[in-house]
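Q: Residue numbers (the working numbering), protein chains in the order written: chain A, 37 to 507; chain B, 534 to 697; chain C, 10 to 111.
Calculated directly from the structure, the hints in this document are not laboratory data. Quick caveat, the model's predicted, so the values are computed rather than measured. Wrong hints could be hidden among the right ones.
[Unchecked claim] Simulated crosslink set (SDA-like; lysine to any residue; CA at most 25 Å straight-line):
id, chain 1, residue 1, chain 2, residue 2
1, B, K690, A, L446
2, A, K132, C, L92
3, B, K690, C, R97
4, A, K471, A, F460
[Claimed, not checked] If you want the footprint, here are the derived chain C segments under chain B, 3+ residues with CB under 8 Å:
id, stretch
5, 18–32
6, 46–60
Ideal placement from N, C-alpha and C gives every residue a C-beta, glycine not left out.
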Amino acid sequence: MTILLLFVPFAALLILNLLPRSVRLTAAVAAGAVLLTAEAVVAILLPFGLVDLAGLTPLTNALPFPLTVDALSSLVFLCAGLAGLTALSVCRSTMKSDRDGFIFVNLLLIALIGMNGIAMVRDLFSLYVFIEVTATSTFILIAIGRGRDAFEGLWKYLILSFMATVFMLTGVALLLLFTGDITLEAAATAFGQPGSLAWVALLLYFCGLFVKAGLVPFHGWLADAYTGAPAAVSTYMAGVVTKASGILALMRVAQSPLGSSPMIRELLLIVGTVSAVAGAFLALNQRNMKRMLAYSSVSQMGYIVLALGAGSRLAIVAAALHFFVHSISKAQLFTNAAAIEDRLGTMDMDQMGGLAARMPLTGASAAAATLSVAGLPPLAGFWTKLLIVLALWRSGAQVWAVIAILTSVLTLAYFLSLQRRVFFGTVADTWRAVKEAGPGLTIPAVALAVITIGVGLGFPFLLPLILGGGS
Amino acid sequence: MSVMTILLILLVLASLWTATTFLLLRAAIGLALTSVMLAIIMYDLGAGLAAVIELSVCAGLISVVFVSVISLTQRKPFSDYFERRASRLRRFWPLPVILFVVGIGLSLVSAPVTPAAAPATPQPDVRTFLWSTRQLDLFGQILILLSGVFGVLVLFKRNEKGGE
Amino acid sequence: MPVPIWLYITFFVLIVIDGLYCVLATYNLLRILIGLEILIKAVSFFIIACGAAAGRLALAQSIVITVIVIEVVVVVIGAGAILGFFRRYDSMSVRNTREMKG
């Protein structure tokens with residue numbers, strides 16, 4: 037079963053490239069849509085044990101990959117499926133060149149396989165390999181279309197990705213030295229022994245993960261990469277790639293016995309808080325809409341890590357839920373940005389204004405997403421942030437909980453600034469003739485907004501289900 | 534002074550030269566030299582297969598990539614050759630000093646680093662190990678190579694009507 | 010024969026310092042890439058050294074082989090990015106990468 041998640045997209049990839057040129061793009065988009073939908077569906081069905089393919093045992097036995105699927109994996113699958121579908125839709129609407137679109141779908145599939153791998157592997161080096169798979173496909177995705185700032189975004193991402201590689205591999209080497217094995221369990225065992233230096237290895241590995249997730253002080257690449265990339269790629273990156281690469285591994289660490297060690301918890305709390313606060317401050321001063329959304333991502337990533345620092349089971353559930361909520365909200369916000377860019381041709385917020393009247397669907401969905409991420413009831417983001425603060429408070433990290441609440445206020449501030457500058461106010465003369473963006477850009481946005489509102493309204497009913505199911 | 538120490542010193546010297554040399558082409562050659570030294574050291578440590586791959590891929594392929602990029606981005610010789618050289622010297626002279634100091638310092642201290650106990654079962658040969666146990670990594674490598682192919686398609690194509 | 014692990018760590022640190030210095034003290038994009046390459050070589054060496062010390066050379070070699078392949082692809086992409094830069098700005102100075110400030 038687990039192998040299918042890796043091989044089916046791979047097979048699709050190979051077949052797509054063998055098709056004749058004329059039918060390529062349509063086939064690619066269709067295949068992409070089918071695969072991503074399947075991914076999301078599998079993710080929802082998995083925890084309920086509805087997916088059981090015992091007939092595939094011969095295949096599984098032939099290729100014994102060490103892969104496991106658990107609740108966190110299905111979280112990644114779901115987010116990858118949804119964000120991927122959104123990005124695909126944005127791509128169809130914004131990428132004019134057929135060749136670019138085809139390469140986009142191919143790389144999207146490679147990144148998807150990479151993220152499936154990240155969600156399923158068991159040892160630290162294979163995790164690194166699949167993080168690199170996702171990263172290399174994302175490098176090229178940023179450069180498709182060779183836009184204005186694409187190369188700069190690509191370069192900064194590349195350099196910091198290299199640094200992450202150096203960190204992570206040094207950590208793996210040290211772990212190999214101390215324990216002779218490179219699984220997380222071995223690391224936990226070595227860490228527990230008194231007088232061991234295994235913490236150096238783990239610290240280095242975590243630094244690599246922090247770079248990948250875009251946390252402070254390694255966030256320097258995120259804003260440029262998100263802004264320089266084409267709209268569809270930013271959607272995909274913000275929606276799932278950055279999170280899956282960096283944060284998922286941290287979540288697995290928090291789940292393991294390592295997660296309750298005070299040193300690791302302190303580290304996660306500090307890094308999470310600094311990122312959340314710094315990201316929020318950096319987002320306040322931005323003129324470019326995508327850049328503000330990028331710094332907002334840094335801040336929210338910090339939130340998730342902050343939640344992991346609490347160490348309790350409730351905290352991990354809260355972090356996972358915020359992961360999901362942020363994934364769909366950010367994917368949707370970048371879709372909105374793509375719609376605005378498509379109609380207006382600029383991302384400079386100072387030039388915008390009053391778009392709510394001209395682009396009602398975009399405006400309404402953007403409002404839903406921003407209020408959700410800012411944490412206003414009854415939207416989904418409110419519940420997840422409440423859970424995070426609750427988890428922090430309960431596990432004794434009260435000061436951090438207060439900081440989390442204060443950061444929420446900052447989040448609200450910069451999002452309100454975005455709303456005011458872009459959607460409210462009087463319509464500038466230049467934009468008087470602007471109409472709503474095409475269906476490819478509005479339908480996904482509205483759909484994601486509906487999910488956000490739905491999850492928010494139904495949360496009190498969903499939560500016992502999730503807690504009982506064992507996340 | 535064992536053979537290994539001499540080899541390691543040569544490795545550091547090679548990388549030092551790579552970092553500080555003025556002409557880009559020499560830096561690329563220095564990188565290849567560093568790869569060669571690294572391959573020798575790896576072989577001496579017992580990692581023959583890795584040494585060979587390091588030699589052929591890094592000393593070979595990467596040098597080709599660097600030299601071709603250097604030739605594609607080469608402009609006419611600059612007029613401010615001597616100012617640049619002096620500026621480079623100013624920026625880089627601390628490096629050998631730092632290396633020397635840190636090297637001497639670290640060799641005098643010694644932290645309690647105990648390696649893991651030797652494995653109980655005899656280790657399989659690396660070739661069987663790679664193909665039987667770490668197949669997942671191989672799959673990852675294939676994916677990355679595919680990404681690289683797309684990368685070359687996207688990045689190296691001449692800008693006819695490049696997106697603006 | 011006890012493996013001199015501290016010796017390896019010392020030299021690993023030295024090469025890392027060299028690579029970092031090369032990345033930070035230059036204005037040229039290609040040199041940054043070369044500096045990163047030096048760093049990866051240091052790490053490859055260290056992985057083999059640790060593997061030798063722990064007696065698990067098979068695992069260490071598998072890791073290094075995979076890393077070499079990954080690194081080659083990333084370097085090619087980096088070179089492609091530099092080419093793209095050069096064609097746009099006709100300069101290799103890293104100062105051009107400061108454009109996206111804000």
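Q: Which of the numbered hints are not met once you compare them with the structure shown?
A: Violated: hint 1 alone.
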